[in-house]
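**Student:** Here the protein sequences come in this chain order: A and B.
According to this note's numbering, the first sequence is numbered sequentially starting from 1264.
According to this note's numbering, the second sequence is numbered sequentially starting from 47.
Bear in mind the hints are in silico, worked out from the structure with no lab data behind them.
Do not take every clue at face value.
Covered stretches of chain B (in silico footprint by chain A; criterion: 3 or more residues with CB under 8 Å from a CB of chain A, positions within the stretch not fixed) [what the hints assert, rightly or not]:
1) 120-131
2) 397-405
3) 411-423
4) 431-440
5) 443-455
Ideal placement from N, C-alpha and C gives every residue a C-beta, glycine not left out.
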Amino acid sequence: MAAKSSGIGLPARACLFVIFAAGLAHATGARAAGDRAYGEYLSSECVTCHLLGGRFAGIPPIIGWPEETFVAVMNEYRLKVRPNPVMQTLAGRLSDEEIAALAAYFGSLAAEPAAK
Amino acid sequence: MTIDRRQWLTGAGAFAFAGLAKPALAQAKPRVIVIGGGPGGATAAKYIAKDSNGAIEVTLVEPQRQFTTCFHSNLFLGGFRDWNSITHSYDKLASSYGIRLVPEAAAAIDRDKKIVRLANGSDMAYDRLVIALGIDLRFDSVPGYSEAASDTMPHAWKAGPQTQLLKKQLDALSDGALIVMVAPPNPYRCPPGPYERVSMMAHVLKAKGHRNSKIVVLDPKDTLSKQGLFQEGWEKHYPGMVEWQDPKMHGGIKGVDPSAMTVKTDLETYKANLANVIPAQMAGKVARDAGLANQTGWCPIDPASMRSANDPNIYVVGDACIPGDMPKSAFSANSQAKVAAMAIRGELSASRTFPARYTNTCWSLIETGDTVKVGGSYEPKDGKIAAVSTFVSQKGEAPELRRQTQEENMGWYAGITADIFG
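In isolation and in its complexed conformation, chain B is listed as follows (with noise of 0.2 Å):
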């Protein structure tokens, strides 16, 4: 990394900062703080800095220095990209927009007064606040999964040391193998990632010349995202190798144990090698605490505008939102950032917006040179974020046109971490 160290704020600097800009006092610039740095939030701090051309000052709160991707982290279990290739740093996001970035987490959010309290303890004032702050697990959702138990069955859905060891365990797999995984209800962080993830880990597997390993997928849901496409395709390329139960076929997820390395179902216990657990999610604690979440653990939002529900002064982009019609994924984060990004503009310079308008696209690799993709446009309507028109790849097409939405996939990814990370 190679940050401006006087581009970041210290703990005691943020403190200063904040302590010099009370809110009673008149402000130079009007002041927002992001809180969480991932696609939502990275973006949102781009376009309110960009699109104001300095007139409001845009803070970043986000304790990790660089981020990587949760979107393409399947492709770095499949060996179609390195660790380095999903991985960004903010420098331009410092360097190029003026945006400050504070490298701490954000522990709780005092919305009477508008601050943001610091993991190290500090204040710090904002007139509009972005949550960003993505999902969090709901360990307990699986009997016997807990947060110390991801060190024996990684969940590796959020990107980092929990992917390197899914990829390490996989990657050591002998043939005759049997990797379990115990996918998420909903909804989650994007839809076919679970389901994109067993086509890398059956690619790894048939790559090394496995014929008798096995892949259990045990869904709690009827359902899965593409459902017909990825079946096409797992028959396709992994004939005999992945077995999909939906809850009629294995009775209920009854629970895991760890050091057993078993999974147990009401009709059966499997002895893993490898066992994924995806347990449910929910928004961020930061945004929970605050109260900006429902009953259901999510951030219902204004679908016009993505301002929070239950705060004027705070707006609410990504996992951690009730996005109606949307996936919970990166280009929806973007877009909902976008959206967010424009109102606030809006509020705090009184510059042009317009009604708003999102976007969704889900590429999903299930073989060399063999994409699937789904998608569709959204609009505020209803008390809702609405699907206007939406899209999905067809079973049985060409293997030139897969090989083009490979090629739009990688270019996507291009495109899209050209636009959050600067």
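Bound conformation, chain A alone (with noise of 0.2 Å):
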């Protein structure tokens, strides 16, 4: 299923996602204030599927996103709001001081130029 962009980059079914989220972070506290580079160790394990570049093979993209909406999407994994065991294992295991640091690394990059 082709994820289409939005004007921020964000896939539109991230972007519905966020607005249907967007409480949920608030109420659990988690901020997105991470540290950058405990972030790109914790990405080892997320690249494992998601390409780094940005590009939608199958499995969404999650670079570039707003650090809050990062969280927010961890988070809905994390209490198995959102359906996806694989995500629901991992996300199950990272504390809110490890997702911001995800946050913080993968919101930093930018997508790769589209192949030629």
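The two chains are supplied separately, each in an independent frame; assemble them into the complex guided by the hints.
**Tutor:** Structure representation (structure tokens):
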């Protein structure tokens, strides 16, 4: 299923999700003020599936998101509100600090130019 | 292949390099050698080189100039992928990360001198060594089977000519054919792999309109990975075509006769049109000869770092190691390699290290748009890599979810191969 880009570079599904999850990040107290270097280390677990260049090849790209969005989405998985067992398992053992670190790292990355 | 030959060390060049870099001399850079360019080895090489920003000299010893992945080779068998799409070059590891590529096989390890001897007789010195040798096949675990017999009865458990041979044999079958698979005993590479392969073979027969062909799976195990899911899928998509037998059903696998194309059990002798024999497995020979394996044939490791239990300067990742609760899979190897890379960087460059964490997911395609998965997260506990939480697809899932899982499977392949090979 092709994810259409929105104005801020998020897949359409993710944008809908941001609205849905916006209050959740606040409710769980997770704040996006992460340690980018720690996030880069933790990201090695994510990039086994998610392409760092931002291309969609069956698994959604996760770079360049606003940090609050990233935190909200991960909290959704952690609370098993969002239904993917791979992500639920991975998010389930991440602390608030670790999620914030990942948000800082992935949020700092820009998509590679599309292939010519 | 478009490898810049200057980036490859020839045998003579490797020798000169090792000769200049005697352990007794002060080193400009610590040296890491990685043996094996599969998912574990290539990942370890890349992450050590990338994250040390050139502070560590990384050499990858791998005789093949390009690598065909075992994962998704079943999809090649089923016609869902072409050969090129599962074959990858090492070019970017050299050009983007400065990894030295040595296109030679490792022949031996001198652990006391910290030297790797190559098949061409030259030596290379290391400060830390990563072993990612994958598996060797125990051909003699099935009476009558041998490496020579695999020309007739392919195992196809290492992606390459064996896989292409099996595909050729499969595509040549006429209706009414009998396929016999001899499945391997635990532990082995890719637990769901034999059964995904059965699914892909059934897919090919069904797509060709076969009504009378059969696939008999003779298993030395009492259960199989994702058993309920596979058996549900076989009944749904290929009714009457697949017959899986555990030891209670066949009474024991007595042996094969490649010249007669027969597979004999305690109860019956099957005359096969295609026999796929997947024997028992063990860690690669160089690791075993170096004393890194225990009596099981596999290499014990420290679960917090992937360091060999037998040598503080050597790390073992991927199929060759004893991975605790993790399966032997490319995903596991990739995950383990990142832990080893972090530990090695920490030792050699005093960079930050973090607690080890491991992940695995295995996707299996049963029929077009019908994919299932199993996976988990893991961490060091009680002396092994222990499962923290696991998940598996459920029987009776909606077709749309199974289709999404297949999309995820293809996405994972794109992701992990980009992660491994740059």
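**Student:** For every hint, state whether the structure bears it out.
**Tutor:** Results of checking the hints against the structure:
1. 120-131: violated (count 0)
2. 397-405: Three-residue rule met by the stretch 397-405 of chain B, so holds; n is 4.
3. 411-423: With 4 residues in contact (Cβ-Cβ under 8 Å with chain A), the coverage given for the stretch 411-423 of chain B holds.
4. 431-440: holds (count 4)
5. 443-455: holds (count 4)
Comparing the model with each earlier hint shows a violation of hint 1 alone; every other hint is respected.
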